[in-house]
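*Asks:* Take the given structure of chain S and dock chain Z to it, following the hints.
2 protein chains.
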Amino acid sequence: MVVTDPDVLAGYRQDRASDPAAGVALALVRPTTTEQVATVLQWAHRHRVPVVPRGAGTGLSGGATAQHGALLLGTERMREITVDPVTRTAVVQPGLLNAEVKRAVAERGLWYPPDPSSFEICSIGGNAATNAGGLCCVKYGVTTDYVLGMEVVLADGTVARLGGPRLKDAAGLSLTKLFVGSEGTLGIITELTLRLLPAQPPQSTVVATFSTLPTATAAILAITGALRPSMLEFMDGVAINAVEDELRMGLDRDAAGLLVARSDAPGEHAGYEADLMLDACERAGATEAFRTDDPDEGEAFCAARRYAIPAVERKGPLLLEDVGVPLPRLGDLVTGIAAIADRRRVLVSVIAHAGDGNTHPLIVHDPNDPDETARAHQAFGEIMDLAIGLGGTITGEHGVGRLKKAWLPDQVGPEVMDLTRRIKDALDPNGILNPGAVL
Amino acid sequence: MVVTDPDVLAGYRQDRASDPAAGVALALVRPTTTEQVATVLQWAHRHRVPVVPRGAGTGLSGGATAQHGALLLGTERMREITVDPVTRTAVVQPGLLNAEVKRAVAERGLWYPPDPSSFEICSIGGNAATNAGGLCCVKYGVTTDYVLGMEVVLADGTVARLGGPRLKDAAGLSLTKLFVGSEGTLGIITELTLRLLPAQPPQSTVVATFSTLPTATAAILAITGALRPSMLEFMDGVAINAVEDELRMGLDRDAAGLLVARSDAPGEHAGYEADLMLDACERAGATEAFRTDDPDEGEAFCAARRYAIPAVERKGPLLLEDVGVPLPRLGDLVTGIAAIADRRRVLVSVIAHAGDGNTHPLIVHDPNDPDETARAHQAFGEIMDLAIGLGGTITGEHGVGRLKKAWLPDQVGPEVMDLTRRIKDALDPNGILNPGAVL
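Sequences listed follow chains S and Z, in order.
Just so you know, we're using the UniProt record's numbering here: the first sequence kicks off at 1 and counts up by one.
Just so you know, we're using the UniProt record's numbering here: the second sequence kicks off at 1 and counts up by one.
Treat the hints loosely; a few may be bogus.
Identical copies carry no separate label here, and so any pair may be met within one copy or between two of them.
Claimed, not checked - Taking lysine-lysine and the DSBU-like style, the derived pairs with C-alpha atoms no more than 35 Å apart in a straight line are:
#1 K139 with K102
#2 K139 with K315
#3 K102 with K405
#4 K405 with K424
#5 K424 with K315
#6 K315 with K102
Keep in mind that the hints were calculated from the coordinates and are not lab data.
Because the structure is a prediction, the values reported are computed rather than measured.
So that you can see chain S by itself, here it is in the shape it has in the complex (with noise of 0.2 Å):
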């Protein structure tokens, strides 16, 4: 159970957000139960050693960057499922990843919403660490809405049981939903509840480019006015071109940006809602739009779309932006950030969860290029700067980790810090769990 191998732990010091300031643990430990957890976290609170919680390392802030001296706890080998289809509940364990456990309800009729771009390789634990998105969200919500109880292991090791399988619960305060998203830094969960939904009717997609970005973010908002789509993406002309150079589906290289709209209503709504959502774009001033009800087709968009971030990724490092806004406030944003690129002269690319306001700015450098690398680090701060001053996050559901946090207070207010401090103060007394990421 416990690695302390130099080579192996090499390769566990950074997430996929490669943090520079990454430390090397004292050692790897891989428990396959809450019991050896928790023996862990006593182990830990006697002698004072900080824990880093890790699930499958594609964090994008480095919430699971490895701390000099810290301990390194890894679920990866957590990978027990049951599922009830009567109560439409899954009980997991956090080392699975997210394609793992759609899997595994859907071979019982079921589905699992969340589903963040890396869902065939990011773990559930990991999800429910960051309250993690995806591209359903806009109509299905994100991971805390799908988390109905878990079991978590305290900073001394204590093994607490939060929620369960109903739907309905208002014992006590809402102690479930604090954990989801408190990435690692209140306690590590063990085991999660998961409530599920029948599976997702076939969707109706639509593609539509745009020869501009405004009218491309008139279209996302006359759409979200309309109805509520099944998915609302978005990918810049650099996405596309990045995004064409790997897959060539033929996407319009002239294009600013592109929109991929799809319906899951029932039946033949699904056509009716994508054909509302197609005459939306048309009226925005698409230069190309069209339906498609052929599951193949629809399904290559959104691939291409989940593509965009490692095709861009080709073209440089990245510095991963996650910022979002009140939806209204999409068109400043997106063109704040244009202006961001041409002030600090750096390539940004947006690719964005449009209908939901969240957008993922993709800043490449070369590192080995120290002005490119501090500007486009000025760039990374100031497109945060921009998303707050327009009432917005700078994390809509990447969690803030270590990369973040500078910006966090700036965002939430003296006020609300406080707070946060009391609350991990009550909980992590001596400051063991995943020191250093969010405060």
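*Replies:* Then chain Z, alone, in the frame of chain S:
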């Protein structure tokens, strides 16, 4: 703003739980702004005076019961609302009634789903403080699912703004979710940012009667196993007769149970789902079952179900339960309640939000008969013990308040009570916020 008139204070001693242990407040304050609430809390903090917050006084667990020497803070004059159709959100002050929020957003073509049976008389602030549920929750979730942000006044009078009009926000701890359902023990909610949905489509309604409880619960499981109804309500024979006594709508007085199930799927899919539910009821052994697409007729049966509590109350004062269980245990809960009623020789009527396993056993008793009152209280505790033993909750949607707090440790266990106490102490170190509620 400050009322000390004993006659007025007498009217504010209890909420609808009629807690006999209610005290007499020092004074009643009825602020209109957040600043006024902050001033009150600063004063209370300085002088260590307890504060009991109160919405419309419709709470069923005694969460707003006046305490000797405490200040009552009534939010009834905080009645502002702003609706934003583009972000599909509303910003509301806590004193508005749930029905007033529903009406204001409906004027903009929008829908605020949570619908406690008391929606015409309960406040939106109280709904958030208790994480209130209702009839549509089986498909649309509870209050917390619609609270995106809030302004809250803390124990020392500090004003904190949590969350905001963003559909995704992973920045920092999920404090908004922690305050929803905290029953006034962590802070006083002075403003809510609510997520709204497009107007609900017309519903098809199925009404079915059953001659036995097992056939009725079998129909419930068959329905929830096949689809997500927009409503799935139950009332037992006692409730049917009590409602029929008042409303004379031709309900079957010989039935052991009546289900009202609805679908709001788009277009003719509502009828399609309704037919599936009708079929499930008939296969389970319904003595009579029919579908109606007439909105007035459907609403009449929903109104009958909502009227069940006042109708049964005409038989005598009620001890009102709110126990919930995982759905497969619903049959065990209902038959177990009948056994308790027999053993304690008290009349217990069961009505339920059946689709999410949340039941309201109504224990009728004559307060002038000390022996019967004692037996009613025994049954009250035994029903909660039964729910806990079935993996359930002592409160699905009413909150713990003062009447149910003795059972909370049995449900959640010592670890969760300790966690709860640590958070309470961190946020309200002098214990002045709603003392005696929950903890």
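*Asks:* Give a verdict on every hint.
*Replies:* Hint check:
1. K139 with K102: For K139 and K102, both the intra-copy (18 Å) and inter-copy (21 Å) Cα distances are at most 35 Å.
2. K139 with K315: The answer is within: 33 Å in one copy meets 35 Å, while 45 Å across copies does not.
3. K102 with K405: Within one copy, since 31 Å is at most 35 Å while 38 Å is not.
4. K405 with K424: So K405 and K424 pass the 35 Å test inside a copy (15 Å) and across (26 Å) alike.
5. K424 with K315: This pair counts as neither: shortest intra-copy Cα distance 40 Å, inter-copy 50 Å.
6. K315 with K102: This pair counts as within: shortest intra-copy Cα distance 32 Å, inter-copy 50 Å.
Checked against the numbered hints given earlier, this structure breaks only hint 5.
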